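Peer 1: Below, each chain spelled out in residue letters.
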Amino acid sequence: MRLTAIYIFITSIFTAFSTVFASAPINLQRLDAPQVSQQVIDRVLSLGQLGTASLMLALGIIIYALIAGVLGITRRNAQLQTSARYAAVATFLALSTAMMCMEAALLTDDFTVQYVAQHSSVPAPLWVKVVMLWGALEGSILLWAWILSLYTAILAMNTPNHALRPWALNIMQFVQLFFVLVLAFVANPFTLNASGLFVGPGPNSLLQNHWMMAIHPILMYLGFVGLTVPFAFAMAALITKRPGSEWMRLTRRWTLMGWGFLTAAIIAGGWWSYEVLGWGGFWAWDPVENVSFMPWLTATAFIHGIQVQERRRMLKSWNMMLIVLTFTLSILGTFLTRSGVLSSIHAFGDGPVGIFFLIFFLLVLFASLGLVVMRWDQVRDHSELDAVVSRESSYLLGNVLFLAMTFMILLGTLFPLIVELFSGEKVTVGAPFFNQMSVPIFLAIFLLMGIGPLLPWRKAEHQSVIRNLLWMCGVGIIAAAIAYVLGIRRVYPLITIAISGYNIASLGLLISAAVVPRARLSKRNSLQVFRQYAFENRRRFGSMIVHLGVIVTALGIMGASAYRIDEQVKVDFGTSTQFRSYELRAIDMFEEQVPGRGTVGANVEVWQNNRKIDTLRPRINVFVHDGVTQQQPVPTADVLYRVQHDVYLTLSGSLSRDQAFVILRVVQSPLVMWIWIGGFIMAFGTLYCVIPSASERKQERLAMQGSPTNSGNTIS
Amino acid sequence: MMRLVWVLLIVAAVAALFFYGMNRDPDARDKIRSGLVGKPAQNFELTTYERFQPTYGDTFGIAIVQEPLGIEGVTASETNIASATPEQTIPIHNTPLVLNFWASWCGPCRAEAPLLEEMWGKYQSEVLFLGVNTQEPNQNNANKFLDEFNWSFPNVVDAKSRVGIQYGVFGLPETFFIKKDGTVSFKYAGPLTAEIFEREVQKIIP
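As they're listed, the protein sequences go chains C and Y.
Under my numbering, the first residue of the first sequence carries the number -17, and numbering increases by one thereafter.
Under my numbering, the first residue of the second sequence carries the number 221, and numbering increases by one thereafter.
Check the hints yourself; a few may be wrong.
To give an idea of the chain C side of the interface with chain Y (calculated C-beta under 8 Å), a few residues [what the hints assert, rightly or not]:
no.	residue
1	LEU89
2	VAL104
3	SER321
4	PHE338
5	LEU347
6	PHE348
7	LEU351
8	GLY352
9	MET356
10	TRP358
11	ASP359
12	LEU399
13	VAL401
14	ALA413
15	ILE673
16	SER675
Rather than coming from a laboratory, the hints here were simulated on the basis of the structure.
On a predicted model such as this, the values are computed, not experimentally measured, just so you know.
Positions of the beta carbon are idealized from the N, C-alpha and C atoms, including for glycine.
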């Protein structure tokens, strides 16, 4: 009781303090701008101020939580530690208030809030106004901070009492402190619009064009924040000198979830780019794409590395470095995309926050690397590889490849900057470099993915390895041969298909190795045994699902990049043209008027074998007035999704009312749909791993009740 | 301790690279100019505020006669201000134009409003002025704004903010100086000063 009272007392002091603090600049502005109408001032006193006040409140609570958390540890005061945990929930509530203020301001077109004035507009559709919260710099940081506070609150309330928990929470609060400081003082989304400027008529039209843009950033931040949790526990492990494996066991589920969200985010970004950017591609090795991909690579390596550590007590320092890299790379990416250091098609532009993200990045890099090297004697591996051919060695090799890939991308992304630093010349590193470097590395990882899980820990028997390899290679060669007969002659696609076949065989072998002996022992039919196996070994089976997703995605990428057909055709309305196996009939043009923009487009029927398959409506979002076509049209594609390939139509050139023809850009991308399906399978597989099986749930319940179990480590 | 020094060195090297990157001239990295300058102004036609309707007609706008040059682009030949009454005293066809976007909630618009009226008094025989009210949640406030400043040049309502979007207006006020042939000569974002106004208006007077 007393504790709660102290807590409420301190929170209310902070509230009072922050309200005074928050209202001071507003009063100044009122004096400065007497000409601003009364209506504006009435609004000034509402949402903008409330939002800033809740940010200040959050800031105060975070500072309190950090002080209470650290004092609680140094003085071994359990009450202070508990208070710090409750403060994490309070932070979440304060930031939720800020989120609600921003949504309210966006939905009511409150242009007195600068963020709304800059990024929203009266005629924007409702859903665009809703998602505009994370459509620009300040709001996206707010969303990030909010998710971070949500995770911290869940961690504070849900993690079992463990020696690592207090420090891990402090690290989370420290990261949160940075974000809220940036929000409060550098990129405050609630800054008042004293100037009357509204910069930008609504959101970027490219972002408005697709619903995918509404979820892509959320997935991204859920991923980044999810991966902050294992980082916080790793640092806590180093600080408390408990560099064993507890920190990763405690956070395994968070790691997997973070990884799953990041995977989904990257795939969603690719899909958005495919549907919206009008060139029918999904990945361009743009800096912004690269910086989201690098943490994914190191996180993938980390997920595999922690399995080795769990089983063999090896790779301790390696895993530490990987999680440090993952977290720092996610901050580096945020810095690079928001500072204007690199030229990119979709950077947030030269914001004032760049320098702060840079300082935070350098601080985190120095502190975390410093901690790792200071504890080096403790995290150093004591056991060594028993054999070259073993599961741990294949995982280690895979990890080395993931890291090689990361550094290749990092180098390629930063190369222009490095060159300019030393020679002053401006260079660009384009897709050819990245493709040339990454495809062989990917194929090597792809090879390891098949054999790795089949190898036993410690030391493999050569006989069984060779038997498995023979099966896998056999299937791979047959797959490649079929592809060859079907007309695929290029080297990389053939190799990809062969390795995919080999991987499918590997999955089959894994399942049969698990199911066949069990079925023999229990004398039940193998389907029942398989079902039981799949339900109880969720992590193992989930990883197989994820690997299946990887195979599917790899095949999709192979087809869409190696066998893409991109043509321009001119069709008169009322006539048709042949494109590969399709007949494209240009029917007529159509016009639409929606608030904020006008649209012209063409109805194009797609026929195959004298059967109509679909009507596509590629269009140009354009501003039309009295039938006169205006400048700067935004071509918008329409896509026919098919299992074997997509037919992607965009309008080339302009289209006006009296025009008798239409020029179409037709892109046929084989298998491109399977990239998205593969991404979905990967996300599903991750979810499958994360949901605990019945026996795990039972153990967890016991652990939460404090009953002794065989180890406290089963909480994942 | 030696190891910490190594970490420090690595971090310092990374810091040096990025601080250099941050301090490059952003303009040199990728120069961005207003896309409309030098290009034809865009056509529109909007409802005139009631108070201007007797003089300027119910609707008012720009109609640039365009000569299509194939499929790739169009060029403008002359401005043509549409829909005015025939007994117009002020030249409204084939004239240079100052196009001003404003809203009642915008403080700087208020700041420059008297200047615009003053300049209209000075140049109305040579240049046409047109005010476009855009991004306005409440038309009552817009009418109060017009009452307050008593502008005598025509003003129209961009009720759905479409014309503002068309012109890529990213802040209020924003003013476009358009030549007689319909090309945009200059765009200014923010409250105008007499100096800038005089300099730019001279460029569009033939």
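Peer 1: Hints first: check each against the structure and report whether it holds.
Peer 2: Hints, one by one, checked against the model:
1. Contact between LEU89 of chain C and chain Y, as hinted, is not supported at the beta carbon level, the nearest pair being about 13 Å apart and thus beyond 8 Å.
2. Because the closest C-beta pair between VAL104 of chain C and chain Y is about 6 Å apart, less than 8 Å, the hint holds.
3. At about 6 Å, the closest approach between the beta carbon of SER321 of chain C and any beta carbon in chain Y falls short of 8 Å, and the interface hint on this residue holds.
4. For PHE338 of chain C, the shortest C-beta to C-beta distance to chain Y is roughly 11 Å, which exceeds 8 Å, and the interface hint is violated.
5. With a least beta-carbon distance of about 5 Å to chain Y, the hint placing LEU347 of chain C at the interface is held under the 8 Å criterion.
6. Against a cut-off of 8 Å between C-beta atoms, the interface hint on PHE348 of chain C holds, since the closest Cβ of chain Y lies about 5 Å away.
7. With 8 Å as the threshold, the beta carbon of LEU351 of chain C comes within range of chain Y, its nearest partner Cβ sitting at about 5 Å, so the hint holds.
8. Hint status for GLY352 of chain C relative to chain Y: holds, with the closest Cβ pair at about 5 Å, below 8 Å.
9. Residue-level restraint check for MET356 of chain C holds (minimum Cβ-Cβ distance to chain Y is 7 Å; threshold 8 Å).
10. Look at TRP358 of chain C: its Cβ gets to within about 7 Å of chain Y, closer than 8 Å, so that hint holds up.
11. Hint on ASP359 of chain C is violated. Least Cβ distance to chain Y is approximately 10 Å, over the 8 Å limit.
12. Checking LEU399 of chain C against chain Y: minimum C-beta separation of about 5 Å stays under 8 Å; hint holds.
13. Restraint check, VAL401 of chain C versus chain Y: the minimum CB separation of about 11 Å is more than 8 Å; hint violated.
14. Of the supplied interface hints, the one on ALA413 of chain C is violated, with its beta-carbon coming no nearer than about 19 Å to a beta-carbon of chain Y, more than 8 Å.
15. Checking ILE673 of chain C against chain Y: minimum C-beta separation of about 39 Å lies over 8 Å; hint violated.
16. Contact between SER675 of chain C and chain Y, as hinted, is not supported at the beta carbon level, the nearest pair being about 42 Å apart and thus beyond 8 Å.
When each numbered hint is compared with the structure, violations occur for hints 1, 4, 11, 13, 14, 15, 16.
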